[in-house]
Structure formats: C-alpha cells, structure tokens
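As you go down the protein sequences, you meet chains G and V in turn. If you read the first sequence in UniProt numbering, its first letter stands for residue 1, the second for the next number, and so on. If you read the second sequence in UniProt numbering, its first letter stands for residue 1, the second for the next number, and so on.
Keep in mind that the hints are not guaranteed to be accurate.
Because identical chains share one entry, a pair is satisfied inside a single copy or across any pair of copies.
Below, in silico cross-link-like pairs of lysine-lysine (DSS-like), each with a Cα-Cα straight-line distance of 27 Å or less [unchecked claim]:
1) K358 / K397
2) K28 / K290
3) K86 / K292
4) K337 / K292
5) K478 / K93
6) K93 / K197
If you are wondering where the hints come from, they were derived from the structure by calculation, not from laboratory data.
Number of protein chains: 2
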Amino acid sequence: MRNKRDVYLDNRPWEEALEGWLHHLQTKGALSPGPPEILATEQALGRVTAEPIFAVNSSPHYHASAMDGIAVDSSLTFGASDAMPKQIRLGEKAQVVDTGDPIPAGCDAVIMIEDVHFVEDEAFEITSAAAPWQHVRAIGEDVVATEMILPANHTLRPVDIGGILAGGVGTVAVHPRPRVALLPTGTELVQPGSQLKPGDIVEYNTRVLGAMVQTWGGEPLRRSITMDQWDQLKATITSALEEVDVVVVNAGSSAGREDFTAALIRELGTVLTHGVAIKPGKPVILGEIKGKPVIGIPGYPVSAALTMELFVKPVIYKKLGSVPPATPTADAIISRKMPSPMGVEEFIRVKLGQVGDKFVATPISRGAGIIMSMVRADGMLRVPRPSEGFRAGETVKIELMRSLEEVSQTTVVIGSHDMALDILANHLRRSFPEASLSSANVGSLGGLNAIKRGECHCAGTHLLDEETGDYNISYIQKLLGDRPVVLVNLVYRQQGLMVAKGNPLGIGGLEDLVREGVRFINRQRGAGTRILLDFRLKQLGINPDSIYGYNREEYTHMAVAAAVASGAADAGLGILAAANALELDFVPVVEERYDLCIPGEYWDTPYITRLLEVIDTPEFRQQVEKLGGYDLRDCGGVMYRQGI
Amino acid sequence: MRNKRDVYLDNRPWEEALEGWLHHLQTKGALSPGPPEILATEQALGRVTAEPIFAVNSSPHYHASAMDGIAVDSSLTFGASDAMPKQIRLGEKAQVVDTGDPIPAGCDAVIMIEDVHFVEDEAFEITSAAAPWQHVRAIGEDVVATEMILPANHTLRPVDIGGILAGGVGTVAVHPRPRVALLPTGTELVQPGSQLKPGDIVEYNTRVLGAMVQTWGGEPLRRSITMDQWDQLKATITSALEEVDVVVVNAGSSAGREDFTAALIRELGTVLTHGVAIKPGKPVILGEIKGKPVIGIPGYPVSAALTMELFVKPVIYKKLGSVPPATPTADAIISRKMPSPMGVEEFIRVKLGQVGDKFVATPISRGAGIIMSMVRADGMLRVPRPSEGFRAGETVKIELMRSLEEVSQTTVVIGSHDMALDILANHLRRSFPEASLSSANVGSLGGLNAIKRGECHCAGTHLLDEETGDYNISYIQKLLGDRPVVLVNLVYRQQGLMVAKGNPLGIGGLEDLVREGVRFINRQRGAGTRILLDFRLKQLGINPDSIYGYNREEYTHMAVAAAVASGAADAGLGILAAANALELDFVPVVEERYDLCIPGEYWDTPYITRLLEVIDTPEFRQQVEKLGGYDLRDCGGVMYRQGI
C-alpha cells in the first residue's frame, strides 16, 4: 500500500479549489436537484419549492362581508346624514350578515353593526351613506385563481403554507433533501459509549457533520466505522455511491501511512484538489466518482467542521436550488497580537465581549483537535492568505457563531479558572435565560492584565502576596494603579497534593515531599499555585532543593494530575477538581482565597449585578459546597475596593 | 346565548396586556419547563438543555501524538542543530507514531516526520532539539473530566453535540417541546380540499399557526373543526387542557353573535385581557384555565399570525427556558405618506427595495384578511400608538421578514400587473437562485410615479395615447421629463370581453354591447383598460351612452370578472387571465402593448440584465405563450429610449 501514499499535498487557495470542483460537478450534472417530491402543503414547512405554485381558486371565492353588520344595496343609503337620518327596513336589500358571510344578491355594501340604530325589530336608522363595496371583501381580494403564489426555489415559511392553502393548492412539489453519506474511517475509532483504551478515538465527527447536513436541509446517512484498509474502504465508498448524492469520507484525507482516501478516489474517479491553503483543515480532498461529489474531510474535529462548512454546504444548497443564508458579521477590536502564517487562510475561533460600546475579540485555542474551541466560540476570524496576522487594537470582521444580542448579554470573565465559575454560569442562565457567562483561563495575572486592557468585565484571581500573606490587593495596586475596582470573594478553596488512588505512599502533607522515593511534579514559575507552594515551604522551613522533582514543571493543574495518573510522578500540588477529574486522591494542604476583581465601570451594570444576585442564592452555594474543598464564608463579600 | 356576548372590547397596550398575562401565568407555574426528556446526545440537535452537562471523561483521555512522526524522550534530542545533527536509534525512547497514537511511556515529545532523516532502517538524524511536550495533545487538552461542557437552557448546535460526546456524555436532559393545542372553531370553516360553497372559509389558519409553533420549538396539536356551539366548544377546550401546555382557540375571539370564546374562558377560568390596541389583531383574548394559558386568536389570517407572534411565542420560549432570537431590522425610507390611527399600534407589511444605496419601504395591502400580504412582505413596520403615521421620506425601522441580502438581490417592479411577470419571476429564480422579482400592482400611472419617486427598478405599463394610438412614450415624457429611461416590450396581450361560460348571449365584439338585454360592467375612469375601451369605441363610432351599464364601474379586472361570474352583468372588458381565473369565456377585442419602463440608472445593473437574460430564453417565452392571449413578437426589444 505504501506506494499509494500521497506525500505532498496541494496548497491551493480554497475558493479556487471550490470553484474548480463545483464547475466540474456542474458539468457532470451533480449539482442539480433530484426529481421533485410531492408533499401535502401542510407538511412542507422548511422545504424548497421545485415548481412555481399557481392558485387553483380565488380567495375569497365569493364576495364576503368583512364585518359583522348589515349588507345593503348602497343606493338605498344615499342621502343619509346626521341631520337627515334614513330608515331602512330589513328585507332582500338589507340583510344581517356576520363577518365572512356571502353578500346577498342585490346588496353591494356592508354597514358595520356599530353604525346602525334599530328603531324596531325589523327596521334601523343610519346617519351616513354606505359607499359601494365598503366592508366587502371582493372575490380574489387575497388570492386570484391562476396567479403565481410562489416561485420555484423558495424555502417555505409558515405564512407561505397559508397562502398556498388559501389558493386551494393541497400538495406542493419540493426538491428532495440531498442525501449525504458520512463514512467514518480509521482503525483507532470507537463508538461513543465504548470503554476507552489509550489510542482509542471516540467517533463523534460524523455526528457533528450529520447535524450540520441536517441544519442545511440535507439528509445525513451515517455509516458504521470502516478500518484503514484499502479494500474495505473501497467497498464502503462504492456501496455508498449507489444510495446517496454526496459521499463524505472522514478521515484518512492526509498523507499518513494509512491515509488511502485520495488514492482510492483517484482509482475510482477523479481527484480535483488534495490540500488547500487553510488552517486548520488543509488536507481536504475534493473528488468526483460516477458523477457524484466525493470529499475527504480531515480527522481533527475543528478541521472537519470547517471544511464541511466550506465545501459541502455549497453543494447541498446548490442541490436545493437555494443559497445559504449569509453569516452575520460584526466588527470587533483584536485584544492582542495575533500572528498567522502568510500564504494560508487561518480560521481563528474567538470569544467576543461587549466592553463599553465596542466588541473585543479574544482568540481561543487554535488547536485543530479542540472541539470545545468551537463550542465556546462566539465567532470566527479569518486571517487572509497575504496577511501575517493582526496587531493588537486592529478592527476586524468576525463571522458570528452566536448572535450579537447574546454576546452583548455575556459577562466576560478572564483569569484563573475555578469550577465555581462553571456553576455560576449555569445558575446565571437559569435565572436569566438571556444572559451568559464566558470564562477564559489565562491565569490570575493574565486576568488582571485583561482588565488593564479593557477586555473583560471581571477577572478571577488568587494571587498570594508572599510578604503579607494577603491575596490579590497588592497585585491590583501594582498592575492597575488607582483604577477603580471592587474585589469580591467567590470562594476559599483547598489546594492539595494530588496522589495516586489509595495514596500508596501515604503522603500526608508537604513535609512528606522530601521523603526518599517520593517523586514530585511542580507547576511553572509564576503560577499562583507555585507561589503558594513556595510560600508554604518557607513557612514550614522546607528547602525546595530537598524535594525530588521540584524542577520538573507543568503548565496546568490537569498536566500535573496527568503526570501523577500516568505514574510519572507521585505527587503534585493542585486543586481538588483536577484530582477528581483523573480519579486521584487528594490531600488538602493549604486554603487559598479566590476572588473576582471587577472594574469600577461594570460594578453597577447587569454584567455584574446579575452575577452577585445569583451568587447570593442557596442553590448556587449548595452546589459549590457539594463539590468539596470549598468554603463560602465570604462568598459575595467585598474584600477591597478602590476609587469607587 | 346572546347575553353571553361581549360587546365592548378592551383596548390595552399589547405590551402591558402581555406582561400582565405572563405575570399571572408565572404565579400559576404555567411558564416553567415541563419535566426533562432524556435523549441520546446525537438526537438532541436544536433542543434546549434542561441541566448543565458535565464531562464524564477527559479528551484526549491519554497523552496523544498530534502528528505523524517519532515520539521521543525530548532529553535525547537536546543539543541537536544544523551544525551538529544528532543521530537517534529507534527503541523504547524513540518510537514511530501516527497522529492520535498514545505517547509511549518514557517519551514526552513528538518530532514531525518531515523533520527526521532516516540514515538507516532503525536510525534517524535530526537537526533541532524537541521541546518537551511538543506535538503532544495532553490529557484533557480539549475536555477535562468533570468540567461543565454546557450550561442548562442552551440550544444545542452541531458542534455542541461534538463537545458533549468528546466529554463522554451519551445522553442529555432537554426541556420537552411545549405542546400547543390549536382549536379551529367556526361553523363556516371547511377543511382544505373541500368543494367550496359561498360562505365557506378554508381552515388554513391552524396550519400556519402550527408551523409557527414548530419553528419556535414547540409541538403543535391541531384539532378538528369545532362548530360555533357553546357546549361543543367547551368540551373541546376542556379536553385539550388535559393533554397540552397551551391552548389556542381560533377564532370566535371577537364580539360577534357567535363569538363565545371569551365568555367560555371566563366561565372555566380567568380572562385577563380581551382586546388590545393593535391593528390588525385587536380582538385577542388572554386567559388562563387550570393553570394553563388559553388564548383566543382572531380569525383573519394576518391577525392570527400577528397575535400568535406577539403572545404565544414568548410563552413557548419561556417554557423552553430560552429567549426568542432577535428579529433583524433595517432602516428604510417610507415611499409615501402612511397615515395610521392614533392610540393603536399598527403593523404594516411592506415591500423593501434597494434603490441606490438605500432601502425603500412600500406598504402592501393592509387588509387583515390578506394572507398574501404576509407571503409577499419583506418586512413589518410598526406605527407606534402615539403616532398618526409617517410622512413620505421619513426613515423608519423595519422588522425583516426576508434577509437584507435577499432584498438587495430583488428587482422591484411596480406598476400594472401582468401574468407574464409571474412567469418571469419564476424563471429568474430558477436561473439565479439568489435573485427575486417582486411586483406591486398599482396600475400603469402608479408605476411611472414610482419611478419618479425612485422606488423601483422597473415599471410595468400599458398606457395608450388616444391621440397617436401609441403606448407609454407620451406618458413617460409628460411624467418623467427628460429623465433617462429605456422602454422594453414584454408582451402584446389581448383585452377582450369576459362573458359567462358558453357565451349564452353570443357576444362577438364591442358592437354587441349596444344590443337590447346586454348588461355591461365598466372599469373606473383613468384605468388603462377604460382608456382602451373609449379609444376603440370612438374608432368604431359607438356612442358610450348607448351601452347599458357603461356607468357602472369596477376597480380591478377581477371585480369585473366577478360581476360577470355572479350574473350581475353580462360582459366586461379585461384580460384573459381574469376570465380564466373565474372560468369565464373570453372574446378578444383589441391587442395592447405591455412594456417595462426602466430608469437609466438601472439599465446596466443585475436588477435588469438578469431579467433581460431570462426574457430571452425559450423556456420563458414558451410558458407565456401557453397562457394564451399573448404575442411575443417584440419581447425584449427596446421600444424607446431617452437620455441613455
């Protein structure tokens, strides 16, 4: 098989690749809608008309009274006035009608019931004349038989269903939903819910891609997992081609040892492009077999979703005779320098925050493997091919992934992360369905710097002043000068030693780290946890050099926990949540204070008042306490304020 | 029953009525979501989370290679440089890995395959050191076990499904879709598809309302038609209440002889408001029975859709723990004076056209019974209660019913209407799925005036110059001065006498109108058809006074046709389409020219070039010719141009 491997990928601009592929597909007839489907009108919501719809009957189909009142021959009423009221007797040319009743023969107008005064049971008086055809809905006022109600290629909305039925049309011809086969391939893939071994990858990509297809109006057909095996994959693609309009192979689209997709498509049909100049998502394959589009989508989840959007979405819409709705965009200020390789269009997921009257965009992790970067993103920033990126403060256009209304109701918290923030986010949304909380984990100092740059409404911070043993205040004074801020406590939390399940070495505290045979794993210099460790060691009189592994550094709580879980270390300092996440034991060693630092200008805004309201509820407090390792004695209390 | 009739309705501001109703419902617990539904994650697209979702496992759940390459103990690589390459032998601390493979114990970094040079089968050379953890996806890089993936009250998108499955969560708790009973009531109602008698009204409202409920995330349950009969209606409401969350009664919500809804709700529960200060839609009933919202929706289709949107939509979203997406809006210029009653909030459907760089809003028919006004509308204009309307040229905010992209691709045709325009609209959309044609029927002179005011891209006109026998040109010169325009012919069409089926009086032409016993029905003075009639009568030397009914005037082709169809007249002049619509016979009497008048500034824009391209296709021409009564000998030809 090795000779079938593509080692070099193309690097074409994606628009050019797409255009060439669509052009090729067009000539093969692969983009035309399939034969129309006939549906009952009331079942056709959201579908696209395949033919124009012409009215079969008029509506109304008779002259109808538009009011409750009296249908009259208008000539009987001429001359009536306040000064000279006119009496009319009920009869052939003056009949009581309700709204919707046919106008009786001989009548041509309706007088509203409010405008008549009955002088006896069968006679009434009026004080003004009725104009011919007043309050009459003439035949065809709404729909005229034979007129076109809607053209072809129109996506049906609720009111359209009314218009069509008013025109007497009981069935409509719609374009069939394009059928899209989604073929997960890869020996390492396992279905969701499987017991996971190292090396297993949960196959959720085709679930995401299928949901995307559904959103666009197509019908996804997900197949079972195919091994990275030439003949198996060939058989799967060949059989899928018989049943669907579009085949999506995920993944094997790159140039690895087991990436056959491109060679296979080439054997069965044509590869138009293998590799486009985008990041992530480069190793995409645009092909065609037997007149049908076949596309190889890369395996990383962000690459997969992105290339699906760029390449498969236009195909589905074309096959629906429709055009994709425009993605809403908004201008935002880049919060920090964002370099990007030249020659490649990079797609960067960003969080947006309305800070003051502008939106600030902050990039989220760029990893192609991080699906949560899509879940958490508010928008996508494209860095064009000729660009080397953006300078901080530049105004850029963001393609929105959440609505601006939602974004503008989002409290942006940047800084050190704590599980209590997750719980706060959840309760916030429960109490205020329009509000959200977004939290970005950049560490305590990063949070204070974000306040300085005007990028957030609030920062989570747990910075110990080694001199005073107090938290945060001296750092705020140093970093933010005399800028008005309020410091509110969220929680006190335990930092502790994470050790293997069952604590086999019987570690009871920091003193045990110097014991023979105990391998420690540390956090990087500058981390709040590292500062805390050094402070406590000094208090306890322990020389850091006597701790084996003191100089081995990791950058997150989770990395430390993972080192312990994998057996590479015996103990590391961190928070209970990280220990719980990897099912480690936890030996509490020191309590620290975790505060929210709030710039004065947001103190009295809903961004903050809503948070404080939620923090005050028993539901929030109980759920945090249930996590363990927390003390809420000062929760919601003001620890410090300056300039406000 | 008459004593149960409400004669006077409230006239409350709708926001106040809504707020009072929601508050009442809130205290009854009627707005809380129902008990959560548990769904497989991949089935939950579009549903709203009822609980926060916490990760069960980390992703990756092991340290994984992020690249195809060689996993190494990074310390082995230290010191390698271009000048001093380093050789490494495959073994425990240097192992080939593919993307996604676990990092073997003893290794802590990956070198990309592109960066190694194999010097023999089992040994390779590198020219730079590997940083610890480079190209390694650490445990939890994407999702950390126990972290909150999503909060409650979040509407699930495709990427969310990926995030949830990455966190190992196979099922999610979602809010149940609110169940909404839709009760059509009215003795006059018949199901779509029924043979129609005068007085029958096709029950399509609950189909529209049901589709709206579906769009908002609820589950509509449409019931069969209930007669206007107190006990029947009572039984229907009572039984619906047992099965659903919201009951919608349509209609009987007004104060007519057979409008029982309000009295019934009052008997069974509480009516909070009956009648709000809106137009259309005033007679709405906001009630509550047994802790459930019950609402009476007026019967006219526009009123029904509008009150559903104002009152039922917020209830459904509240029961979903969610907020309705904001309706996109745009600024537009009012094309003509738009008076509106003070004290009432009026909702006016408008067409929008991008004319130059601004959007122009033109009101469509205001009739509450005209569902096509909703189908054709691009947006809704609200005239606030304290306002008496808008002056021409005022800038107003329009709530969009079609996207601005779609609007900006729409060719706006205002003037006299012809069926060929419908066919043009349809073929335009077929050839250019992003384009549409909107046509407003205001008569030929109205069209030229619209050009004068800059409200359209093109006007349909058939104005005969009685002096010269030529069409349109003298009117253009008079009305538009020397403004650059191009006049393009669309069709020649037959005007003729519409007569009863089988032509019982044997009418052969205009000469027969003077015959004893022939009752004519005329068009109003100023109508193109009237001008044409008078011109022909003069040519034929017929004295109008000798025609019985010459002074009976109707305002549209359809009204004339209806008069003939109902037997009130024996003949009227009009176009074949109107005769066809009411199944009348048609005696051609004169051919007239129907042109498109195009202002110079649009002549070379896609608004017009696309039309001309479509007009030129055989498909368009064949379909027009098939209608009958048309001659396309000059179709697409320039009849006249000035200043361009």
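Right, here's what the structure says about each hint:
no.	hint	in the structure
1	K358 / K397	both (13 Å within a copy, 22 Å between copies)
2	K28 / K290	within (9 Å within a copy, 62 Å between copies)
3	K86 / K292	neither (77 Å within a copy, 50 Å between copies)
4	K337 / K292	neither (43 Å within a copy, 55 Å between copies)
5	K478 / K93	neither (92 Å within a copy, 46 Å between copies)
6	K93 / K197	between (89 Å within a copy, 21 Å between copies)
Of the numbered hints listed earlier, those contradicted by the structure are 3, 4, 5.
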